[in-house]
Each structure stands twice: as structure tokens, then as C-alpha cells.
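Visitor: Using the sequences and the hints, build the whole thing.
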Amino acid sequence: MNGRRLPRLLWRAVVAAFVAAFYVFLFAPLVVVVGASFDGGEHAFLNFPPRHLSLAWYLKIPGRYFETLWVSLQLGVVAAACSGVLGVMAALALARGRLPGAGLMAALFRAPLQIPVIVTGFAFLQLFYLASAAGGVPLVGSFAGLAIAHVFITLPYVIGTTAAILQRVNPSLEEAAISLGATRWRTFRRVTLPAILPGVYAGALYAFIVSFGDVPVSMFLAGSRYTTFPVEMFYGMELNFDPAILAMSTLILVGSFAAIWAVQRFLGLNTLLGTGAGS
Amino acid sequence: MSSVTLAGVTGRYGDFTALDAIDLEIAEGEFLTLLGPSGCGKTTTLRLVAGFLEPSRGRVLFDDEDVTHRPPNRRQIGMVFQDYALFPHMTIADNVGFGLRERGVGKAAIRRRVDELLDLVRLPGVQQRYPAQLSGGQRQRVALARAVAHPPRVLLMDEPLGALDLKLREAMQTEIQRIQRTLAITTVYVTHDQTEAMNLSDRIAVMNQGRIEQLATARELYLKPRTRFVADFVGKINFLPVTVDGYAGPDAHAVGLGTAFRVADGAGRPRGPCLLAVRPEQLRLSPAGTPADGCNALDGRIVDVRYSGNLVRCEVEVAGGTPVIVETGPDDPLATAGTAIRLAWAYDRCTLLDDD
Ligand SMILES: Nc1ncnc2c1ncn2[C@@H]1O[C@H](COP(=O)(O)OP(=O)(O)O)[C@@H](O)[C@H]1O
Ligand SMILES: [Mg+2]
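Heads up: the sequence lines are chains A and B, in that order.
All letters in the first sequence, in the order written, are residues 1 to 279 by our numbering.
All letters in the second sequence, in the order written, are residues 1001 to 1356 by our numbering.
None of these hints come from the bench; they were simulated from the model.
A few chain A residues that don't get close to chain B, going by computed Cβ distances all over 12 Å:
| no. | residue |
| --- | --- |
| 1 | P7 |
| 2 | A28 |
| 3 | V34 |
| 4 | G35 |
| 5 | G63 |
| 6 | S142 |
| 7 | A144 |
| 8 | V215 |
| 9 | S224 |
| 10 | Y235 |
| 11 | D242 |
Where chain B lies over chain A, by a calculated footprint (3+ residues, C-beta under 8 Å):
| no. | region |
| --- | --- |
| 12 | 168-179 |
| 13 | 189-202 |
Note that beta-carbon positions come from the ideal geometry of N, C-alpha and C, so glycine has one too.
Guide: Structure, rendered in C-alpha cells:
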């Protein structure tokens, strides 16, 4: 009996060790950042574990970080909302409409995922220069310009999650609604939309996350008035090491976990992420 | 409630003709079943009546109204789907009341009507449940209640019992019939199960490869099938190769398998080769050498016997022909393998068909 149990115990230990290593790998950087943010001393480098516990750096977070954070949050919400609406329309057209060249369109909608983001950023910069030269619409450095580019890079996520769930919606549900007298719009409103909503939420959540974390595109398009939070942070790190960034990062981290908890609690993250969001 | 008419209706998917110039009239309040093998065009016919498919030729009429180009949501139809198609995110009450709400009926009136309908399908008290909380048979009842709520001019059902097991299917057949009669709703029912079709229908349209082979009552289809396909699809039947060689009043004379036969009302058949069709239960076993007075007779030998409770099925080898199947009572003393017997059947219990 021992002869049989030992290998199983051993096997379990190996699995446990692997899982532990995985989590360390995943969370160690975060732990270091959070820990170092509570070190009150003046250093030109990161101090972990902290020597003098203090909230000093939290009080010294420059105001521009909060201003740009506000821009980023607004941008994320606008990008997620616009991508949500446009993505649902595109997914419906691709899945239900009898469009000629639907395959080509689907590939086109996926394109933003395949172009390196830095190229996208550069392309939008050129486009906006052209637009302002031609029609005098100043998009570079404006919120609208940033929003347009963010919708472009986040749209594929919503289309992907929505199309995936739409394929699994039984078409006879829609026919049942129509047979009962519902118009196309009412059928969408009362039957299709509720069925695909988890996919739309999941896509919009991804859209927000992608928009909120984007540096390459925003770097090209941000101006002095509208800079996003990650771009601001990027520039802050470039010049010299500022421990206030650690403090700010910790706040963001706490905010993210709170947001995930809220989503989990009120929408059910598992159902969201189980909607084929990855495909 | 309306009568429904398909006049020369052709249904295409791209270049493929799924329905070829169909004519069909369903009387007001009638229960008509489309019966046929998978792929013969039953669903296509139903979708044409519903308006989900527009005919490439021909017209669809409800009473005398041409609805050929009217979209399905304005045709006042009720549909029951094989997979129920209940809205999973709505309560049973909201499902059943869906059509009423789309038609602008007030909340209180909807509630009253939903209660009434759930009583009708014998599912009181499930108003606040969700479809996932009901069994298959219960869901089908809800689907039926939802489809007849408004009430529709015609009720369309596409293999509604296909997903249920045999016992439940039989119980639901009775339910469907009761509800259809209570409401006197014009009904088009689709199935590939001939027993179900015969149990339920006023008339049955047997379909094959996009055409209606025969439209008749169950009794007529069974006793007077017009084509080999219908004879074969509705019940079991034996085909004997014969040649018509003369007539006697309304009857025809035919020879085949070294024997002469007489077929009642066969005078419409031209001389020449065809098939004599006779049902297994119309054949009687009698001892070899029994004189055949006033009926057809064919000599043979029993080669196989299968007991199935209420009857015994014998396989009989006849001279120069394919095996003939005979169904007889479980106590028939002649039904043992190896016995030489004579098969006998009445002139009016067989029919002549084209060998197509
Ligand atoms: N959407 C479609 N596109 C192309 N062919 C179809 C479509 N629907 C059905 N068919 C074809 O039309 C024929 C009849 O189909 P259907 O009416 O569904 O048959 P049934 O309901 O009797 O099984 C079949 O050969 C089927 O392959
Ligand atoms: Mg079908």
C-alpha cells in the first residue's frame, strides 16, 4: 500500500510546488512594487523590503497623475461603450446578415489585433495630420482623437466575444419571437440582446482594460492637454526614478482588484470569461 | 382561424429546388400533417406558410387573402419548434404572454390569459418558473400555450415531439389533439413518424423529394395508397410482381409467380407489368391445398417466425418471388417454421401500383 501511495504523494507535491512557483512568478513583481511603495526613504532606486514604513510617497503623488488617471478612466469608458455598440452591430451583421464577403469583413475587423500597436498609433497620427490639414479638424492631442483610436484597437475584442456567443444562440429563438408578432427591432431588444449580453459585457470589459493600459497608440496622439495615465507614468519613469510612481501603482492595483471583485460579485466574472472571449 | 392555400408554390434555396410546384389546401379548423422522410421538404413547406421563406413561384393564401409577400410577424401564425425555442431568460408567464405583449394587450389581460392558457395545457402554477426548471414535456406544453395565445390564424408545428421519449410522445399526442380540438385551430403538423401522423390528423400529405405524393385520410392512405412510395412509407406492405392481362367489370385480372390474381377496382390499370401490393395483416394462413373460393391464393412455405406479443410475423417463401411477410394472431397453429401453407386474401384487400 505504501508503495502505491508514495508516488501519488510525490506527484501531488510536484504539482503543489509548480502551482506555488507559478503564483510567485505572477505576483512577486506586484508584491515588490506594493512593498517598496511603503518605504518612506529617499532613494534613486527601489527599496524592497521597505526599511522605514511610511506613507510619505502617497502624500507626494503629483497631481498630474490624478488628472491623467481621470482622462484614462473617461477614455476607457468611452472606448468600451462605443466599441460595445459598434461591436454588437458588426457581430450581428457578420453572423446574421447575408452580406456578400462576410469572411473578408470578419478578417478586416480582426486586423487591429494583427497590426503592431505602435504602427496603429503612427498611422492614426498621420491620418489626423491629414484630417486637420484638409478640414481643419484638430484631432491630434484631443480627447476625440484618442477616443477614435482607442475604439479602433478595442473593437475586435467586443466583436470577438459577441460573435462567439451569437453563434451559440439558437436561431429558432429569434424565429419564435418573429412568429409571435415581434418586429426585427423588438426581436433584437427582447430576445437576441439578452442572450448575447454576457458576451457584450465581457468584450466591453476587455476593451476598457486594453484602452486603460495602452501606451503605444496614446503616446502618438496624446497632447499637453490630454495625456493618458500610462503615458504620463511612462514619461515619469523615463526621466528619473520617482517612488511616487510606486505609490500610484499600488493605488491602481487596489482599484483594479476592487473592480474585479465588483464585476465578479455583480456580473459574474466566470460567466463573462466563459463566453469564448478568447476566441 | 383561417383556411390555408398553397397554389403552385415552389421553394428554392439558391439553385436547389426543395419544393416543386406544390398545391395544398387546408380547411378551416383542419389538422393536416406533412409526413415524409428527412429532407423531403416538410420544414420548407412550413416555413413557406409561416413566411420565413418566400416562394420563388406560386401564392400563399390565408382564407382568400394573399399573404405571399407578407412578413411572418404580420401573418398571425403560431409556431411550435422541435427544440421548444422558449426564451431562456424569461419566466414561463413572460414566454406565454410574449405574443400578447407584442400586440399591445394590457398587463392585467395578459396575466388572465396566461393563467387560462396554462390551465388549458394542464400546467397551472408554473408562471414564475424559468424554462430550464421544467422537463421536456412541460416545456413543450408551454411552447404550445405560447403559440396559441394570440390566437393564431394557423398553428404550425415542426416535429414538436421529436425530442421526447416514446411514452411521453404518446401522452403529448393526446394533449395536442385535445387542445387543437378545443380551440378548433387550423393546424399544419410536421412529422416523419407515420403512427403519430395517423393518430393525430384529419388528413395526411405524404411528401417525397419536394412533392406531395398523396393527400388523404389515414384510412385511405393505408388501404388505397396511390404510389409505391406511399404504400411503403405508411405501414408495412408486400409487393408481388404481376402483369395485368384482363378485366372483369370494375376488377382487374393479373398473373405473376405462376398464379392468377384478381384485384377489386383495378380496371383503371392498363395491361402490362406492375406491382400487386398487399398488407401483411390482410394475408391469412391456411393449410396447403385449401380451395381458394372467392379470394386470391398463393402457395408457399414458412421459413421464419417472429413472436411480438400481440401478433406473430411469418416470413413466407413463395415460388419465384421475394419473401412475403404475413402477420397473424399469436395463437395461429399454422405459424411454425417449415410448414407448407397457402396464403389467401380478399380481392378488395390489395391494390395495383406502378413499379417505379
Ligand atoms: N437553408 C437551406 N439551404 C439549402 N438547402 C436547404 C436549406 N434548408 C433545407 N435545405 C434542403 O432542402 C431540402 C428539404 O429540406 P427540409 O424542408 O428541411 O426537409 P424536412 O423538413 O422534410 O426534413 C433538403 O434536401 C435540405 O437539404
Ligand atoms: Mg425538418
